[in-house]
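Student: Residue strings, one per chain:
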Amino acid sequence: MKRALLLLLFALPLAAQQVASTSRGVLVAHDGVIEVGGWKTDGVANATGVVVGEDRAAVLDAIANRVRILDLEKRVAETKTVNETPIAGVFIGSTLYILERDARALERIGADGARASIQTAADPAFLRQANGILYVYCRAPGNVQEIPTDTFAVRRTLLTKPFASDFEIDGTNGYLVYPRAAQIRSFTLATMAAIEDQEAGAVPVDLALAGSTLALADPSAKRVWMIEGEQSFTQAFARGFLRGLLGIGLLGNRDSAFPTGIDKVLVRGSMRVAYDSSSGTLYRFTKADAAVIATGVAPGAFALTPDGIAFWRNGMLVAQKLN
Amino acid sequence: MRTSVLAIAILCCLPLAAQNRMATDFEMQQMERQLAQKRDFRSQLAGRLNLGDLRIARNEPALARAEYAKALELAQKDRLDARKDSSFTRYASDTAYAGFAAAKLGDRAQAFALLEEALRYTSDDPKTWNLYAGAMALLRESRKAVSAARNAVYIGGEPLDLAVYRYTLASALLDVNERSEAETLLAKIVSDLRSPAFDDLKKSIAKKEAFEIYSTASGDESTYLSLLNRAQLRLGALHETRGDVAKARATFRTVLDARSDDAMALAAMARLSAGEERERYYAEAFAANPFSTTLIAQYRKETHPADAKTRGVQLALDQMARGEYRAAQTTLDALLAKFPHNDVLRSLRREVETARNDASNELRRVMTSWERLSPDERVALDQRTFTAVAAFQATHANGQTVIEAGTVDGVPFRFSEPTAFNGTFTDRARLAFHILGVTQQNGADALLLEPLKLEALP
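Chains as they are written, first to last, in the working numbering: chain A, 1 to 323; chain B, 1001 to 1458.
Just chain A, with the same shape it has in the complex (with noise of 0.2 angstroms):
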């Protein structure tokens, strides 16, 4: 029996499936299909990443270089063969711009399918947009650079520190995570200058940005580190406050833990979940407690919607209040 129960934790689904909040109601893509608002579609054969636009949405295969672009309010879908893993992309406006890791490019492909490319440092990993212009990080050489979208050209590039695992924006600063040196990197958007590292935690992973909360998931800790109801996190970086209260533990005691160590975190307005991917456990958390929400859920099937938490498991999805 024992075994039998191993067996079964180690057949937790890693991937291809993808939920995703849109305009249109929970998108899913799961097993070559996309469902969406009571509109099914053809998708891809690996899901292995989701983005949504305003009336717009695409599901990403990064092992065999698709992208499955639909127009949900048209319910029309096309698929377009893309650079080598395309692992992530951001709409702006109708305009798709897909992150090719490894092909080392950023792709502009319009609502009239006009395509242009253009190329980025080595091991592009992130790409993220505030105000118009988009922003890759690449892991390998540790760079920012900043692409406005009117030029498509790399305007300015930020030296910072390589490797990091998470990478996020708010309008005015970025953030960079470091899980070795259990460290956050912030650098102000409107000079790409670097603001300065802040320790953080054991091993941060994962951090979450929504309005004036800040949470970063830390599996080693099994803890979400948050501040919420401060002035605002950016001007708490900005004078050193979040370093003293990550740096020093103050937080410790009132954050929430958790029985496993949660990697993932979620943010929505007053929502908050937090992920195990090793376990596919999902919680949902205060700063005074945490609650398994569900389990056996994989990496990238579930999403917050407007008012809950939607997610995939065992073929179904599976829609959740959360107050």
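All clues given are correct.
Residues of chain B placed beyond 12 angstroms of chain A at every Cβ, according to the derived structure:
hint: 1; residue: F1026
hint: 2; residue: E1032
hint: 3; residue: R1033
hint: 4; residue: D1040
hint: 5; residue: S1043
hint: 6; residue: E1178
hint: 7; residue: A1283
hint: 8; residue: W1370
hint: 9; residue: E1377
hint: 10; residue: Q1400
hint: 11; residue: P1412
hint: 12; residue: S1416
hint: 13; residue: G1423
hint: 14; residue: L1448
Beta-carbon label-pair distances, calculated as ranges:
hint: 15; chain 1: A; residue 1: E73; chain 2: B; residue 2: P1159; range: 53 to 63 angstroms
hint: 16; chain 1: A; residue 1: D31; chain 2: B; residue 2: V1176; range: 22 to 32 angstroms
hint: 17; chain 1: B; residue 1: S1086; chain 2: A; residue 2: S270; range: 25 to 35 angstroms
hint: 18; chain 1: B; residue 1: K1188; chain 2: A; residue 2: K161; range: 25 to 35 angstroms
If you are wondering where the hints come from, they were derived from the structure by calculation, not from laboratory data. The C-beta atom is built at its ideal place from N, Cα and C for all residues, glycine as well.
Using the hints, position chain B against chain A.
Tutor: Relative to chain A, chain B alone:
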């Protein structure tokens, strides 16, 4: 611990045939002993992966998959244990191992997901990138492999580690036909490994009399030996492809100087030789690895001396080439009794079965349709020499064997008159003949044959 991580990827980009060697019986025994004696995770994982590769080399894919599945299970369990222990470096490396094992099993989605997970924690670790590259190469995702290998080389490491990363990159580049850069890298690896910088390691290897080549090596000595072997094999193949026979031979010769039973080098030397030398290399290559599909395909493209004293699979191939399907079947059946899971033997056995039926069917068809053959078909048949194993009852006198009738491939035949052959043949021999027509034998139809030559079966 350092090289055990690296070495997993050393051979992952090499054609499987290259890893084939019955000569690696020793390696198999070593791995089985390692599995029995060393219970730690890395020894167990390396043992399973090596055994899987050796099984693949012997064309025993079902047994190989079982080993890879055990490797995956081991890595999955250990990575979860590491996670519970909040040991994230171990978690990341175990996750990468699990991804690599999943790639060995051909599960691209799981391999990709696991390796991406490993990178979240250790994108600064060239070993993780190297494993990533190896896994992608196994899955024929060559461009991804090149990119990952470039990252490993970019991050770098100690000289032996860096040589491993360069090898992985070179292998991936070859998969996308970027030969020039690959050759430069391979030449650098060989030159670096032969440089004084590795003198201490070379002394240690000499002292231990180490010679084993593993796909998952543990320790610097094993990594050094395996890497040098593989890099030279790749380099030799590149010289050969370019038509530089002298350079290719010299490179393969160097491989054989270090290990005389390297099947890939022996097969290459056979390709690059002629006459007796070529046959000698073939014999050695088959002795080293009789189940290499590459070697078998290569051997079958060429004509070999009819009187060659061959054994095992090579004998079966010779028998098949001569149309001695019954004899080939006997040879293969004996081998299958010894290697029941071997896919190459099964495949050859099926081929022989089909060929036997075809040959027998052709002779029967000639016999039953003789009267309907057109003049042109008769002329064509007159000019054709058949060879088959004949079964007969003979009389013997004065060192001669007299035969009048029998069967060829199960079809009855008769000569126009009893024919004496020099030598003593008992009940079966290889007969070369022309078909003269159809006659009667014991009241049934039989082929009327003109014997051309009778030879003893090997």
